[in-house]
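Chemist: Residue-level listing of the chains:
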Amino acid sequence: MGTSKISNGRSIAEINQKIKSGDVQVLTVEEMKKLVESSGVEVAYKEVDVVTTGTFGAMCSSGAIINLGHADPPIKIQRAWLNDVEVSHPGAAVDLYIGAAQMSNTQPFEYGGGHVIEDLIAGKEVEVRATSYGTDCYPRTKLDTTITKDDLNQFYLLNFRNCYQRYVCATNSRDEMIYTYMGKLLPRFRNATYSGAGELNPLMNDPDYETIGIGTRIFLGGGQGYVLGEGTQHDPTNRFGTLMVRGDCKQMSPEFIRGGAFTQYGTSLYIGIGIPIPILNEGLAKKTALRDEEILTDIVDYGVPRRSRPKLGKVSYATLKSGEVTINDRKIKVSSLSSLKTARKISETLKSWIENGTFYLSSPAESLPTDSVCNPMRQSDSVTFVSSVAHKAVTCRVNEDIQAVAQRIISKSVNHVVVTDSSGAVKGMVTSWDVTRAVAEGKSKLVDIITKKVFTTKPEETLEEASRKMAQHHISALPVVDHDKNVVGLITSEDLSKLRGR
Amino acid sequence: MDRILLRFSEENVAEPITSQVILELGIPMRIVTATVNSLGGDILVEVPAVHVEKVIKAFRAKGVVVRFPKLIEVDSDKCFDCGACFALCPVDAIAYDKEYSVVFDEKTCIGSPCGLCVDACPARAIKLVEQHRNNRK
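Chains as they are written, first to last, in my numbering: chain A, 1 to 502; chain B, 503 to 639.
Treat the hints with caution; some may be incorrect.
[Unchecked claim] Straight-line C-alpha distance at most 20 Å; calculated PhoX-like pairs for lysine-lysine:
no., chain 1, residue 1, chain 2, residue 2
1, A, 124, B, 580
2, B, 600, A, 321
3, A, 333, A, 314
4, A, 341, B, 580
Bear in mind the hints are in silico, worked out from the structure with no lab data behind them. Treat the numbers as computed from the prediction; the structure is a model and nothing was measured.
This is chain A alone, in the form it adopts within the complex (with noise of 0.2 Å):
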């Protein structure tokens, strides 16, 4: 009679009984991958109900919602700060929101509202700050107290988007270090970071969300939660699948959602999303055996700041978890930004969990959109772009008479050359005021007067990104150069001011 009801395949309720019974098979995903691996997947099919999968890492679009019960005299909370970290307040009177990303008034990009969600969940005090208008039924208008997550009638983390199925591997081509939602990227592609669990990932290992849908039982955070839906951005035709996501941050553990603070870029939250899945047919018995080597994924140049950002090539995680990667016939060292080591615990805990009799599967009220697409947004401003303002560059050479360039410049009517060498690379920048200089020194030889530092944009860069690096160097020029650094065009910032009279 077992026969017959496996090759019909098994149902999560078949699943539960056993859960009950205490004959539950759970392998972690890692397990399973190993077994099929040993004994096919017609053997794990049959042996195996349950695989556990689980990751770690940072995701922003996160944040709970909390309801701090009515204070006396009541207050209708207008803007309200949780140790100094601005709230945002979506309801009525003493219900907010605390999102991951919002950052401290006090300590930016160190502390947010993360920070914020992982204190309580501790066990910390939190202060609480608010103001507001008053009304005939709520006459407050300014609070100062505090709380833990015992005073809190409810303290749910409700997350967007969550539990990315894979992410991309990023890079930087520009010449100076940047700090990026994906960490520090040194400058040149001298390092690279990458995101996600790959082979552990909850929806890889169900990539057709035949079993993950709205009102999954998942673990969130160290206790249980649920999948509400798809989360924003959800693009499951790429491989791209998201996950929007609730819990009862009263149940979770710091060990699972830790605040993390990315130098220069914001703050986040770090979460814990173990995901079961069961065995309902062979074919989700394939797909739990599914290795890093066969999750691809883009290496990215995150030094060009547009929605299209270049892509360099493409890598596994199995390749992105050894630590090196080859761009540029280069080979360099790659970093994870989210916990391989939590995300292996998580899986596990999971799994003991089930087998403990304390999480029971649930079956989806929906599945997750499997055809949706993430489209970009709709610009009724228009961006310009370096390229449509840039003018042709005057240019000179090293080994030229100052006399010359003096010339130059005025017959040019301009107030910048740009020195270049025999191929048309940048070399330096010479300006009306270095030459006035060089006559008031009673200096004759180009090579004393010229800037060799060069701070440069592409013709790609937006004019306020240009701008701004003006104003960051404090100068008044750059030139436009292609990716093999030749000099294509010159900006100045007389051309940033024409355009902003206009």
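Starting from the known structure of chain A, fit chain B onto it as the hints suggest.
Modeler: Just chain B, lined up with the frame of chain A:
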């Protein structure tokens, strides 16, 4: 090889003490990092383990403060083993072990002249142990 940190003061920094010690003892030393100016500073050197006692004695005799340096402190309660620091380390002092724990090799780390990992840590678990009181900034 053992690492020792030589701290020079404003009073003795002008003298060629390091070369004197090398010449007198005939023991080769590798300078790992050096941050020195007219107010003093630190030199981190590697010397063969068998000679380390002799070298320390010689430097101390010339008024140099010698310590076995602790260059970096990692708060293991805060660290959640992501490894954001890993690829930034220029001397390969950070690695993943088999369990994907992030491990720091304090003997290889060069400390505050580098410090690339410190502000890349999302858990803020890494701290440099201040070495260069005299001449930073």
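Chemist: Each hint: holds or not?
Modeler: Structure-based check of each hint:
1. A/124 x B/580: holds (16 Å)
2. B/600 x A/321: holds (11 Å)
3. A/333 x A/314: Holds: residue 333 of chain A and residue 314 of chain A sit about 16 Å apart, inside 20 Å.
4. A/341 x B/580: Between residue 341 of chain A and residue 580 of chain B the Cα gap is close to 14 Å, so the pair holds against 20 Å.
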